[in-house]
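Residue numbers (my numbering), protein chains in the order written: chain P, 1 to 167; chain H, 1 to 167; chain Z, 1 to 167; chain G, 1 to 167.
Everything labelled a hint here was simulated from the structure, so no lab data went into it.
Note that the structure is predicted; figures quoted are calculated from it, not measured.
A couple of the hints might just be wrong.
Here are the simulated lysine-lysine pairs, BS3-like style, with alpha carbons at most 25 Å apart [unchecked claim]:
hint : chain 1 : residue 1 : chain 2 : residue 2
1    : Z       : 26        : P       : 167
2    : G       : 157       : H       : 26
3    : P       : 157       : Z       : 26
4    : H       : 167       : G       : 26
5    : G       : 167       : G       : 157
6    : Z       : 165       : P       : 167
7    : P       : 26        : Z       : 26
8    : P       : 167       : P       : 157
9    : Z       : 157       : Z       : 167
10   : H       : 167       : H       : 157
11   : G       : 167       : H       : 26
12   : H       : 157       : G       : 26
13   : P       : 165       : Z       : 167
14   : Z       : 167       : P       : 26
15   : Z       : 157       : P       : 165
16   : G       : 165       : H       : 26
17   : G       : 26        : H       : 26
18   : G       : 26        : H       : 165
Covered, in the sense of this in silico footprint (three residues per stretch, anywhere, with C-beta under 8 Å from a C-beta of chain G), are these stretches of chain H [as the list claims (entries may be wrong)]:
hint : segment
19   : 24-37
20   : 101-115
21   : 136-144
Computed footprint of chain Z on chain G, listed as stretches where at least three residues anywhere in the stretch have a Cβ under 8 Å from a Cβ of chain Z [said to hold, decoys possible]:
hint : segment
22   : 69-77
23   : 126-136
24   : 146-157
Ideal Cβ placement from N, Cα and C applies to all residues, glycine included.
This is what each chain is made of:
Number of protein chains: 4
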Amino acid sequence: MSDAPRDAARVIVTGGTFDKRYDAIKGELTFSQTHLPALLEQARVSLPLALDIRLLIDSLQMTDAHRESVLEACREAPERSIVVVHGTDTMVQTARVVGEAHLEKTIVFTGAMVPFSVQGSDAPFNLGFALAAALTLPPNAYVAMNARIFPWDHVEKDRAEGVFKQK
Amino acid sequence: MSDAPRDAARVIVTGGTFDKRYDAIKGELTFSQTHLPALLEQARVSLPLALDIRLLIDSLQMTDAHRESVLEACREAPERSIVVVHGTDTMVQTARVVGEAHLEKTIVFTGAMVPFSVQGSDAPFNLGFALAAALTLPPNAYVAMNARIFPWDHVEKDRAEGVFKQK
Amino acid sequence: MSDAPRDAARVIVTGGTFDKRYDAIKGELTFSQTHLPALLEQARVSLPLALDIRLLIDSLQMTDAHRESVLEACREAPERSIVVVHGTDTMVQTARVVGEAHLEKTIVFTGAMVPFSVQGSDAPFNLGFALAAALTLPPNAYVAMNARIFPWDHVEKDRAEGVFKQK
Amino acid sequence: MSDAPRDAARVIVTGGTFDKRYDAIKGELTFSQTHLPALLEQARVSLPLALDIRLLIDSLQMTDAHRESVLEACREAPERSIVVVHGTDTMVQTARVVGEAHLEKTIVFTGAMVPFSVQGSDAPFNLGFALAAALTLPPNAYVAMNARIFPWDHVEKDRAEGVFKQK
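Sequences are here, hints too, so could you generate the full structure?
Have a look at this one:
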């Protein structure tokens, strides 16, 4: 088990809707850089927080190798509280890969249905929610969306409604 | 102890910077109505969440009677997970009143340093953070700000820095 | 020539990037309804202003029939000052159709490179700019973008740079 | 008369509600730096535009000496198209000082009822509107607010309604 106290945390960035930006020339939402540093400054975070920008892709593009990379990032992290920012479409699959590894860490997956860069985004709320869950829950992998917390093996995304539900 | 499950929560609104709005005629930030319903919709919350708009005042205006009213709201709530949205200036005092009552509930005080209606607000992050803390921590009263969670009797606001610290 | 005074104007909406919204279920920017009423309220407009929501499409989808419809909307309008909100990709083509009709009206085309619903949009500035141009310039069709005003027959879009230039 | 062409302009900043920012420590709206560079970048302005940050004060604090300074800034400017960003409370007084000087320039005063830094601000629309007016109207001093343009000697602010009206 790690020595890092629960008053520190790590955020692993993988991309997803959370971090999409509007490209005015292309006229579409793409990835250029993560909003996490701006968001954490805005949130006036004083907690020691490490940021690992691992990937910046749509979660539909995630391969097994990408998921292994996320698992490695979790395994190597000295912190016991970890938030993974992830696209919602395959968040459950990656959470399963991490969950089945049974690390002695609290790893909370979250994302956004509306990009941080778009008015009315759920990104800041979701990040705050996932971070508190990562600091307080017992070790396991979880999905935290819609102000609800699900263990990795009891959650699915309802694509028609755009919400996560207990399975 | 209450019968309400931990997959439900209550938000008690008291005002504070969190809920200030710009009054274009007066040219100043005042209170007119709470942003909580808009914020919860934006956050795409599916958790059953009761909203109790108890007060809408600056926390410097809070009297003992106001604090008793907040305590009553906590005591009467059927939910065991409660977030109190409160001005930061006297948040610690109200948390103490609630904490000393030793209710068998997890009651998390939060607020904002920048109003929800102002660009770059910490309000959505803080609300998400406090709500997850209220759903997961053991019964007690806490202050949750700056991505940190403090028991009510070990926290103070550093006014010069605008952050909450362990006492 | 119309009897309507220059202290009234009409805004004809056709869609374009200006009015795209993020669809959280589809995960892309689409059209659902125009932002013009919200934007005009935000701008605290007291000028009598008629709103004609003619189309709500991407300007790459614009057919000759669509352009004729925009021309008809301009011709029928009792106001002599008209703003047409239009996608930037084919704005110049539609401005040409309207310009060649030589209506005795000041018709100013504008749009946005970033949707109104996305942080950092140029939409509010552009609408204000185009509206003042429509109230003050002599009759003709113009394109107003990037804080510059071009007669319809001396303008082209530089797609690589995303700016309009004199031709 | 100046040699600068009408395809260039100058923005003179004096402060006012337009440029107020929320100070999270003081808990109030104050002045720290102007938003004009950010706003002009967001507006994707390609027009040559000089920026003169003359003052950064509430217009209720404006003295005769301040107004003389604004007049001097207008007089010295090589551009013939000038926008003055000004607080709304005494905008009409300063416009009168400038108007009575009968400079051979088009000088348009504007401001905002809601700060640029607050959600739902009229600042970007007003700046775009005033700039187009400055590029197109004959030489004189004007007030441009609420999507209307008033010569300096025929305008007053209706404080109860928060709108400018013809006098």
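Given the hint that residue 157/Z pairs with residue 167/Z, does the C-alpha gap stay at or below 25 Å? holds (9 Å)
Stated coverage of the segment 136-144 of chain H by chain G [criterion: 3+ residues, CB within 8 Å]: Violated - the segment 136-144 of chain H has 0 residues with a Cβ nearer than 8 Å to chain G, which falls short of three.
Is the straight-line distance between the alpha-carbon of residue 157/G and that of residue 26/H 25 Å or less? Since the Cα atoms of residue 157/G and residue 26/H sit roughly 14 Å apart, the hinted pair holds (cutoff 25 Å).
Tell me if the straight-line CA distance from residue 167/H to residue 157/H falls inside 25 Å. Distance of about 9 Å is within 25 Å: holds.
Does residue 26/G lie within 25 Å of residue 157/H when you go C-alpha to C-alpha? Status holds; Cα separation ~14 Å.
Pairwise hint evaluation, residue 26/P against residue 167/Z, where the allowed Cα distance is 25 Å at most: holds (23 Å)
Compare the distance between the alpha carbons of residue 167/G and residue 157/G with 25 Å, and conclude whether the hinted pair is satisfied. Holds: residue 167/G and residue 157/G sit about 9 Å apart, inside 25 Å.
With a cut-off of 25 Å on the C-alpha distance, tell me whether residue 165/Z and residue 167/P pass. violated (56 Å)
If you draw a straight line from the CA of residue 157/Z to the CA of residue 165/P, is it 25 Å or shorter? Not OK: residue 157/Z and residue 165/P at ~47 Å, beyond 25 Å, violated.
Keeping to a limit of 25 Å between CA atoms, is the pair of residue 167/G and residue 26/H held or broken? The hint holds at about 23 Å.
Would the hint linking residue 167/P and residue 157/P be met if the CA-CA limit is 25 Å? OK: residue 167/P and residue 157/P at ~9 Å, within 25 Å.
Taking beta carbons only, do three or more residues of the segment 24-37 of chain H come closer than 8 Å to chain G? Satisfied; 5 residues make the cut.
Going down the numbered hints, you'll see the structure goes against 6, 13, 15, 21 and 22, while the others check out.
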